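Residue numbering for the sequence shown follows our numbering, starting at 5 and increasing by one per position.
Wrong hints could be hidden among the right ones.
What the hints assert, rightly or not - Subject to a maximum C-alpha distance of 20 angstroms in a straight line, what follows is the list of computed DMTMM-like cross-link-like pairs (lysine to aspartate or glutamate):
hint : residue 1 : residue 2
1    : Lys64     : Glu20
2    : Lys68     : Asp48
3    : Lys64     : Glu98
4    : Lys8      : Asp48
5    : Lys57     : Glu38
6    : Lys68     : Glu20
7    : Lys17     : Glu38
8    : Lys57     : Glu98
9    : Lys57     : Glu85
10   : Lys64     : Glu75
11   : Lys8      : Glu75
12   : Lys68     : Glu38
13   : Lys8      : Glu85
14   : Lys57     : Glu75
15   : Lys25     : Asp48
16   : Lys64     : Asp18
17   : Lys57     : Glu20
18   : Lys68     : Asp18
19   : Lys25     : Asp56
20   : Lys17     : Asp48
Claimed, not checked - Here are the computed distance ranges between Cβ atoms for each label pair:
hint : residue 1 : residue 2 : range
21   : Ser43     : Val88     : 33 to 41 angstroms
22   : Lys68     : Asn45     : 15 to 23 angstroms
23   : Asn86     : Asp18     : 26 to 34 angstroms
24   : Arg99     : Gly27     : 33 to 41 angstroms
25   : Glu38     : Val88     : 30 to 38 angstroms
26   : Tyr41     : Thr16     : 15 to 23 angstroms
27   : Asn23     : Gln44     : 39 to 47 angstroms
28   : Met12     : Val88     : 31 to 39 angstroms
29   : Lys68     : Val88     : 29 to 37 angstroms
30   : Gln60     : Lys8      : 17 to 25 angstroms
31   : Asn45     : Lys17     : 18 to 26 angstroms
32   : Phe10     : Lys64     : 34 to 42 angstroms
33   : Thr22     : Gly87     : 24 to 32 angstroms
Simulated from the structure, these hints should not be mistaken for lab results. Model, not experiment: these values are computed from the prediction. Ideal placement from N, C-alpha and C gives every residue a C-beta, glycine not left out.
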Amino acid sequence: MVNKVFLMGRLTKDPETTNSKDGTTRTQFYIAVERPYQSQNQADYVPIVCWDKVAQNVAKYCFKGRMVHVEGRVQTRAYNENGVKKWILGIVAERVSFIGDKSRTDNERENVSQDIETESIQIKEENIQF
5 MVNKVFLMGR
15 LTKDPETTNS
25 KDGTTRTQFY
35 IAVERPYQSQ
45 NQADYVPIVC
55 WDKVAQNVAK
65 YCFKGRMVHV
75 EGRVQTRAYN
85 ENGVKKWILG
95 IVAERVSFIG
105 DKSRTDNERE
115 NVSQDIETES
125 IQIKEENIQF
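Use the sequences and the hints to build the structure in full.
Right, here's the structure in full:
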């Protein structure tokens, strides 16, 4: 079976980063992905979570309005709210590429391209939250 997703869109707000007690970095963000509908464009707002080195790079270099390409997988999680089981669907990013640039100088762009290395990561299933 295959569970692979490729999305390109813009961050709807700055990413939110947390660190667990064991030092694992988690960054969550949303991207707006255009979807053609009849003669108009609409957008889907997709929740993305990433971990460790990928999470650190997203936290450092991404901001509201930044275009990104996300490669990852779909994951669901269930929770109870007032006795009613609810499901959340989201994307776990294994790789995030930064497309173009919104407001950096040439010197900063050069530093960003030298510093960023995305990597595949092993994720502990019990740590995944959306």
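Quick rundown of the hints versus the structure:
With a C-alpha separation of about 11 angstroms, the suggested pairing of Lys64 with Glu20 holds against the 20 angstroms cut-off. Proposed proximity of Lys68 and Asp48 is supported: the alpha carbons are some 16 angstroms apart, at most 20 angstroms. The hinted pair formed by Lys64 and Glu98 meets the criterion: a straight-line CA distance of about 16 angstroms does not exceed 20 angstroms. A hinted pair counts as satisfied when its Cα atoms are at most 20 angstroms apart, and Lys8 with Asp48 qualifies at roughly 18 angstroms.
For a cut-off of 20 angstroms, the pair hint linking Lys57 to Glu38 is broken: about 28 angstroms separates their Cα positions. This hinted pair checks out: Lys68 and Glu20 have alpha carbons roughly 11 angstroms apart, not beyond 20 angstroms. Taken as a hint, the Lys17 and Glu38 pair is honoured in the structure, with Cα atoms around 16 angstroms apart against an allowance of 20 angstroms. For the hint pairing Lys57 with Glu98, the CA-to-CA distance comes to about 10 angstroms; that is within 20 angstroms, so the pair holds.
Taking the CA atoms of Lys57 and Glu85, the gap is about 33 angstroms. The hint is violated against a cut of 20 angstroms. Straight-line distance between C-alpha atoms of Lys64 and Glu75 comes to about 18 angstroms, which keeps the hinted pair within the 20 angstroms bound. For the given pair, Lys8 sits about 7 angstroms from Glu75 by alpha-carbon distance, which is consistent with the 20 angstroms threshold. Between Lys68 and Glu38, the direct Cα distance comes to roughly 16 angstroms. Compliance with the 20 angstroms bound is thereby established for this hinted pair.
Restraint check for Lys8 and Glu85: the C-alpha separation of about 29 angstroms exceeds 20 angstroms, so the hint is violated. For the given pair, Lys57 sits about 15 angstroms from Glu75 by alpha-carbon distance, which is consistent with the 20 angstroms threshold. At roughly 33 angstroms between alpha-carbon atoms, Lys25 and Asp48 are farther apart than 20 angstroms, so this suggested pair is violated. Restraint check for Lys64 and Asp18: the C-alpha separation of about 10 angstroms stays at or below 20 angstroms, so the hint holds.
A hinted pair counts as satisfied when its Cα atoms are at most 20 angstroms apart, and Lys57 with Glu20 qualifies at roughly 15 angstroms. Annotation: proposed proximity of Lys68 to Asp18 holds, straight-line Cα distance about 5 angstroms (limit 20 angstroms). Under the criterion of a C-alpha separation no larger than 20 angstroms, the hint pairing Lys25 with Asp56 is consistent with the structure, at around 13 angstroms. Only pairs whose Cα atoms come within 20 angstroms are accepted, and Lys17 paired with Asp48 is accepted, the gap being roughly 14 angstroms.
Under the hint 33 to 41 angstroms, the C-beta atoms of Ser43 and Val88, about 38 angstroms apart, fit the expected range. A hinted range of 15 to 23 angstroms holds for the C-beta pair Lys68 and Asn45, which are about 20 angstroms apart. Remark: the range hint 26 to 34 angstroms for Asn86 to Asp18 is upheld by a beta-carbon distance near 31 angstroms. Remark: the range hint 33 to 41 angstroms for Arg99 to Gly27 is contradicted by a beta-carbon distance near 21 angstroms.
For Glu38 and Val88, the hinted distance range of 30 to 38 angstroms is satisfied, since their beta carbons lie about 33 angstroms from each other. Separated by about 19 angstroms at the C-beta atoms, Tyr41 and Thr16 satisfy the suggested range of 15 to 23 angstroms. For Asn23 and Gln44, the Cβ-Cβ distance of about 41 angstroms falls inside the hinted range of 39 to 47 angstroms, so the restraint holds. Our hint of 31 to 39 angstroms for Met12 and Val88 holds, since their Cβ atoms are close to 34 angstroms apart.
The hinted range of 29 to 37 angstroms is satisfied by Lys68 and Val88, whose Cβ atoms lie roughly 33 angstroms apart. For the pair Gln60 and Lys8, the supplied restraint of 17 to 25 angstroms holds, since their beta-carbon distance comes to about 23 angstroms. Checked against the hint of 18 to 26 angstroms, the pair Asn45 and Lys17 passes, with Cβ atoms roughly 20 angstroms apart. Distance hint for Phe10 and Lys64: a CB-CB separation of about 23 angstroms, inconsistent with the stated range 34 to 42 angstroms.
Distance hint check: the CB atoms of Thr22 and Gly87 are about 28 angstroms apart, consistent with the given range 24 to 32 angstroms.
Figure legend: structure checked against the earlier numbered hints; hints not met, in rising order: 5, 9, 13, 15, 24 and 32.
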